[in-house]
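Novice: Chain by chain, the residues:
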Amino acid sequence: AQSVTQLGSHVSVSEGALVLLRCNYSSSVPPYLFWYVQYPNQGLQLLLKYTSAATLVKGINGFEAEFKKSETSFHLTKPSAHMSDAAEYFCAVSENSNYKLTFGKGTLLTVNP
Amino acid sequence: NAGVTQTPKFQVLKTGQSMTLQCAQDMNHEYMSWYRQDPGMGLRLIHYSVGAGITDQGEVPNGYNVSRSTTEDFPLRLLSAAPSQTSVYFCASSSNQLYGYTFGSGTRLTVV
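Chains as they are written, first to last, in my numbering: chain A, 1 to 113; chain B, 1 to 112.
Treat the hints as calculated values from the structure; they're not laboratory data.
Stretch by stretch, here's where chain B covers chain A in the computed footprint (C-beta under 8 Å, at least three residues): (1) 33 to 43; (2) 102 to 113.
Distance ranges between label pairs, derived from CB positions: (3) B:Pro39 with A:Pro113: 23 to 29 Å; (4) B:Gly63 with A:Ile60: 35 to 41 Å; (5) B:Gly51 with A:Gly16: 44 to 50 Å; (6) A:Gln45 with B:Met41: 18 to 24 Å; (7) B:Asp26 with A:Thr55: 30 to 36 Å; (8) A:Ser26 with B:Glu30: 23 to 29 Å; (9) B:Thr70 with A:Ser80: 44 to 50 Å; (10) B:Lys14 with A:Lys69: 46 to 52 Å.
Keeping only pairs whose Cα atoms sit at most 16 Å apart, straight-line, the calculated EDC-like set for lysine to aspartate or glutamate is: (11) A:Lys105 with B:Asp38; (12) A:Lys100 with B:Glu30; (13) A:Lys105 with B:Glu59; (14) A:Lys105 with A:Glu88; (15) A:Lys100 with B:Glu59; (16) A:Lys100 with B:Asp56; (17) A:Lys69 with A:Glu95.
Every residue, glycine too, gets a C-beta built ideally from N, C-alpha and C.
Let's have the full structure, built from the sequences with the hints guiding it.
Specialist: As structure tokens, this is what we get:
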């Protein structure tokens, strides 16, 4: 069975600082991995995805994530935080044998001026 | 291109009432799903469909019913609403896992 663990329900950074949001997954087969962002009172927007091509994936708004099979991780990073990055971020996994998407519990990112 | 459209955006129900949350997509996606979002719980899969006439249960299906008579529509029915079903409900669709999933803007449901 597939599962996702997001370490840290709340991360706070200063504007201009590095953003690091952690995600570890469990999957019995090669996974597809996703990061979604949710702004207040909105739906989910796809940030980036890993689908077994390049292990370093670049997404929108300057975010990127690296798939590390040995660590079963898919951490999300951004070199320099902007106030507009404040949102909740969700890591999700699906096994390439099915379409079911399993989400982590989310990490709320706060950016301080 | 409308994407995934959910109606209504807000709803208040009394315990025991029934209602249908509507979801429609105009992208000809075969795969559609319903999630509920609760604070600190992330999103949990309720039901999903891999095509017209095919549905299956997700992680938290109890108290909900679905059907898929067309590719475009995937309504979620609450049979007898309970306060535990107070949540934000999201519908999502996809044509292929490689492209990710498109989400609707959600329905905020309160059961009193």
